[in-house]
Amino acid sequence: MSEAAMLSLSKSLGGRLAGNATLKAGLVLSGLILFLGFVAPFLDPVNPYTIHPSHALQAPNGQFLFGTDELGRDALALLLSGGFTTLIVALPAALLAFFIGVTYGFLSGLGPAWLDRLLMRLLDVVLALPSLIVLLFFAALVPQSNFNLILLLGLISWPSLARLVRNEVLAQRGRDFMLAARQSGASSAYLARVHLLRVIAPILVVNGTFMIGDSVLATSALSFLGLGVQPPQESWGSLLQGALDIAALDPWWLILPPGLLIFGALLAASLTGQGLLQIWGNKR
Amino acid sequence: MNAVLEIKNLSVTLKRGGRDVTILDQLNLRIAPGEMQALVGESGSGKTIAALAIMRLLPPGAAITGEILLNGENLAAAVEPRMRQVRGKSVAMVFQNPLAALNPSRTIAAQIGEAWRVHQGGSAAQARARALELLDEVGIPDPKNRLNDYPHQFSGGMRQRVMIAMSLACSPHLLIADEPTTGLDPLIAQQIMTLIARLRRERDMAVLFVTHDLSVVQEHADSIHVLYAGRSVEWGAAAAFFQHPRHPYSEALLGSVARLGQARLRNIPGNLPEPEQRPPGCRFAPRCAYASAVCSTAYPPADAQGATLAACFHPLPRTARPAFAETLAPRPARNFAPLLDVTDLGVRYRGAGGWFGAARRLPPSLAEVSFRLGRGECLGVVGESGSGKSSLGRAVLQMIEYDGQVTLDGHDFHAMAGRAKRDLRRKIQVVFQDPRESMNPRMTIGEVIAEPLRLRGGLNNAARRARVEALLGQVGLNPEMAARHPGDVSGGQAQRIAIARALAAEPELIVLDEPTSALDVSTQAMLLNLLKDLSLKHALSYILISHDFAVVSYMSDRIAVLNAGRIVEMNETAALLSAPRAAYTRALIGAAPQLQPMQA
Chain A
1 MSEAAMLSLS KSLGGRLAGN ATLKAGLVLS GLILFLGFVA PFLDPVNPYT IHPSHALQAP
61 NGQFLFGTDE LGRDALALLL SGGFTTLIVA LPAALLAFFI GVTYGFLSGL GPAWLDRLLM
121 RLLDVVLALP SLIVLLFFAA LVPQSNFNLI LLLGLISWPS LARLVRNEVL AQRGRDFMLA
181 ARQSGASSAY LARVHLLRVI APILVVNGTF MIGDSVLATS ALSFLGLGVQ PPQESWGSLL
241 QGALDIAALD PWWLILPPGL LIFGALLAAS LTGQGLLQIW GNKR
Chain B
1001 MNAVLEIKNL SVTLKRGGRD VTILDQLNLR IAPGEMQALV GESGSGKTIA ALAIMRLLPP
1061 GAAITGEILL NGENLAAAVE PRMRQVRGKS VAMVFQNPLA ALNPSRTIAA QIGEAWRVHQ
1121 GGSAAQARAR ALELLDEVGI PDPKNRLNDY PHQFSGGMRQ RVMIAMSLAC SPHLLIADEP
1181 TTGLDPLIAQ QIMTLIARLR RERDMAVLFV THDLSVVQEH ADSIHVLYAG RSVEWGAAAA
1241 FFQHPRHPYS EALLGSVARL GQARLRNIPG NLPEPEQRPP GCRFAPRCAY ASAVCSTAYP
1301 PADAQGATLA ACFHPLPRTA RPAFAETLAP RPARNFAPLL DVTDLGVRYR GAGGWFGAAR
1361 RLPPSLAEVS FRLGRGECLG VVGESGSGKS SLGRAVLQMI EYDGQVTLDG HDFHAMAGRA
1421 KRDLRRKIQV VFQDPRESMN PRMTIGEVIA EPLRLRGGLN NAARRARVEA LLGQVGLNPE
1481 MAARHPGDVS GGQAQRIAIA RALAAEPELI VLDEPTSALD VSTQAMLLNL LKDLSLKHAL
1541 SYILISHDFA VVSYMSDRIA VLNAGRIVEM NETAALLSAP RAAYTRALIG AAPQLQPMQA
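Going down the list, the sequences are from chains A and B.
Just so you know, we're using this note's numbering here: the first sequence kicks off at 1 and counts up by one.
Just so you know, we're using this note's numbering here: the second sequence kicks off at 1001 and counts up by one.
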């Protein structure tokens, strides 16, 4: 793409962005979540792992703005470091799943018919397994580390995107402009790179954002089940789970913030995706 | 006589991008019982909006001024509950695409019966009897046994008959037919028109026939009303109109319709103006050969000096002889050097197979097709849908698998592989029917045309850009167009761009697959003439695939007539037209618009 085209594209994108409230809300919320996850932990001087036994389970007050947990750790510091851990796992996992899904879909949609049939049957098998159970199984099997967690999450959450991409590629590859390109000697790789990526870019971007939301949720869910991020590290999910363990004591200041942040991260991804769909979806 | 429909000063304004745009401006027309009036115009003329306004089915945000009198009642002021009574009962509508207008999951008896019961009440048995009666009336063979069939079990033409039966259910006073034959094969289209013409006579029903196609109007319409860019330009008796069109636009439009035996099509220079950019005064003035200073001052009043009324300051005198009344110039016999040799071509599609089972065998869509094509020659391939003409094109293009031999420049495609095959294949290019589909909507025009150059390699960016500009010039477009996107150009321009892309690959043969059937009439002529000139200049060969006999005969040196996958007749164009041997060819020629001899 030439520079001028780039410029005009970014201009028109900017114009449409300004007019789209959904996208604006999504981007603002995403920025907030990213700030909380990646910047705020390093601004907060409090060590999340310092225990103040005499201040255990205190409601928010002047010294501890978000209160303390049952061990007497600062809840705000825990929340911020937990956010960092959650995002550092969820985002790479989503990226990994995204690339596997897109590649798989392109191979299946553009490759020869036998390859498509093989890949789709394989996909059926993967889809037939309930992903959470598989996740629990493998999480219990491999040594627990953030890196393994990323691999697990990434390797389990690509199939639905792969199927979507494959169907979209199949629908697009018979269009006249694809045939015309083939007539001039275009290879499948060229079609994928030059034509298909552009035409299905909206779908990819939108589903990519949804995937990030799903990944945050999956990371939190695993932590909640005690299989995700390992102590002393915390994630939003594990914080929520810890708080719910002592729900009888009604520690609302420990339950509400991580719950709201998980919800907020999902909402941010979903709004961004919806917004992008609105400004892109109509021009295909 | 009392008019069934009388429209007075009807204007329609739509909201577009936040602004009010007047699509239709001060329309006046009246239709008497039993009269068939054609409302003719190209895309953007406002003809469909006029039809929708009568039914009050305009998109939200539309504003109507003026009166729409149906048997004296002003529909423009009617409330929605009243309109629901009117729709389907007093006014019925037949649409272009009957498959989209019929519910695929219900039998046709149920759908026709429902149309009747909604307004008339009555029992299910009565509705069924009515459906039977109507199916018989519109000429569905063996209607008794077809009552319980579903829409997909009917062919396109039969579906349109079912639609018509449905619209007749409550004996409407007015039938609005919006492009009812567009997309149908000529033979079928003619049958549908004959049916509508018969029904309105038998039922004394007024018909408003909305179309862009003048050739179907001539035979059946009593009166005609021509719209251009939202305003009436000429209206009156159809017979007089076709004998002596008085508005320069009417004359130009008639001149650009391809008819059998035409020597040269006339172009209308320029483009249709967008509704937002309509010129002041006469809207046709910028494209008109007769325009003078007065034309851009005010919209011309109707001139009643002739048999029809024309809104024009310079209406043509009755004695004017339209320029298209030329006789067919004898085509110079040319000797073509051999280029393409097709021997025993067969194409058979495989039906959907089971998981492991063998695919069902379908009858071949093409069998035993052999022909030769010379350098610079144009071979026309005509046939109805399903005749295999598109398969023929795609096989020559190597887009599908086929039996038999296709040899270009002495090289048999089946005997080649890899890079050599790709290079040979490049020499055959294609122009598709739908100009929008043939370009990636996310590329610029420049990128689209540069694609074959990029794929072949060997040019740097600057050289490529220069070549793209030269190609744009060759197809008569401004080089600045390179920066625009396919969504920002008109259909005619888009088709020129598709031709420029084909030329970029330096082909020896271009397969033209219905290249003009998605275009407006005035643009069609321009494109066909461009293709003719390019062929002469570059010794380009064409295989022109079309269901339109007139277009094919205008372009082709030879014509092959295809029926059920086989060539039933192939001959030089003039010989085929004057002495068709096969009965099927005669039928196709009979359905094509003929050149009517004009009196001086």
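Misleading hints may appear alongside valid ones.
[As the list claims (entries may be wrong)] Here are the simulated SDA-like cross-link-like pairs (lysine to any residue), alpha carbons at most 20 angstroms apart as the crow flies:
#1 B:Lys-1089 - B:Thr-1194
#2 A:Lys-24 - A:Val-206
#3 B:Lys-1421 - A:Tyr-190
#4 B:Lys-1089 - B:Ser-1105
#5 B:Lys-1144 - A:Asp-176
#6 B:Lys-1421 - A:Met-178
#7 B:Lys-1427 - A:Ser-54
#8 B:Lys-1008 - B:Met-1055
#9 B:Lys-1421 - A:Val-206
#10 B:Lys-1532 - B:Pro-1269
#11 B:Lys-1421 - A:Ile-156
#12 B:Lys-1427 - A:Val-206
#13 B:Lys-1427 - A:Met-178
#14 B:Lys-1421 - A:Ser-187
#15 B:Lys-1427 - B:Pro-1269
#16 B:Lys-1008 - B:Leu-1099
#17 B:Lys-1008 - B:Asp-1303
#18 B:Lys-1427 - A:Gly-185
#19 B:Lys-1089 - B:Gly-1018
[Unchecked claim] Listed below are several chain A residues computed to face chain B (Cβ distance under 8 angstroms; list not exhaustive):
#20 Phe-66
#21 Gly-67
#22 Glu-70
#23 Gln-144
#24 Leu-170
#25 Arg-173
#26 Ala-180
#27 Gln-183
#28 Ser-184
#29 Gly-185
#30 Ala-186
#31 Arg-193
#32 Val-199
Everything labelled a hint here was simulated from the structure, so no lab data went into it.
Idealized CB from N, CA, C, for every residue including glycine.
Each hint, compared with the structure:
no., hint, result
1, B:Lys-1089 - B:Thr-1194, "violated, 23 angstroms"
2, A:Lys-24 - A:Val-206, "holds, 15 angstroms"
3, B:Lys-1421 - A:Tyr-190, "holds, 18 angstroms"
4, B:Lys-1089 - B:Ser-1105, "violated, 24 angstroms"
5, B:Lys-1144 - A:Asp-176, "violated, 43 angstroms"
6, B:Lys-1421 - A:Met-178, "holds, 18 angstroms"
7, B:Lys-1427 - A:Ser-54, "violated, 86 angstroms"
8, B:Lys-1008 - B:Met-1055, "holds, 15 angstroms"
9, B:Lys-1421 - A:Val-206, "violated, 40 angstroms"
10, B:Lys-1532 - B:Pro-1269, "holds, 17 angstroms"
11, B:Lys-1421 - A:Ile-156, "violated, 42 angstroms"
12, B:Lys-1427 - A:Val-206, "violated, 40 angstroms"
13, B:Lys-1427 - A:Met-178, "holds, 17 angstroms"
14, B:Lys-1421 - A:Ser-187, "holds, 13 angstroms"
15, B:Lys-1427 - B:Pro-1269, "violated, 32 angstroms"
16, B:Lys-1008 - B:Leu-1099, "violated, 34 angstroms"
17, B:Lys-1008 - B:Asp-1303, "holds, 18 angstroms"
18, B:Lys-1427 - A:Gly-185, "holds, 10 angstroms"
19, B:Lys-1089 - B:Gly-1018, "violated, 35 angstroms"
20, Phe-66, "violated, 47 angstroms"
21, Gly-67, "violated, 51 angstroms"
22, Glu-70, "violated, 56 angstroms"
23, Gln-144, "violated, 42 angstroms"
24, Leu-170, "violated, 15 angstroms"
25, Arg-173, "violated, 12 angstroms"
26, Ala-180, "holds, 6 angstroms"
27, Gln-183, "holds, 6 angstroms"
28, Ser-184, "holds, 4 angstroms"
29, Gly-185, "holds, 4 angstroms"
30, Ala-186, "holds, 6 angstroms"
31, Arg-193, "violated, 12 angstroms"
32, Val-199, "holds, 6 angstroms"
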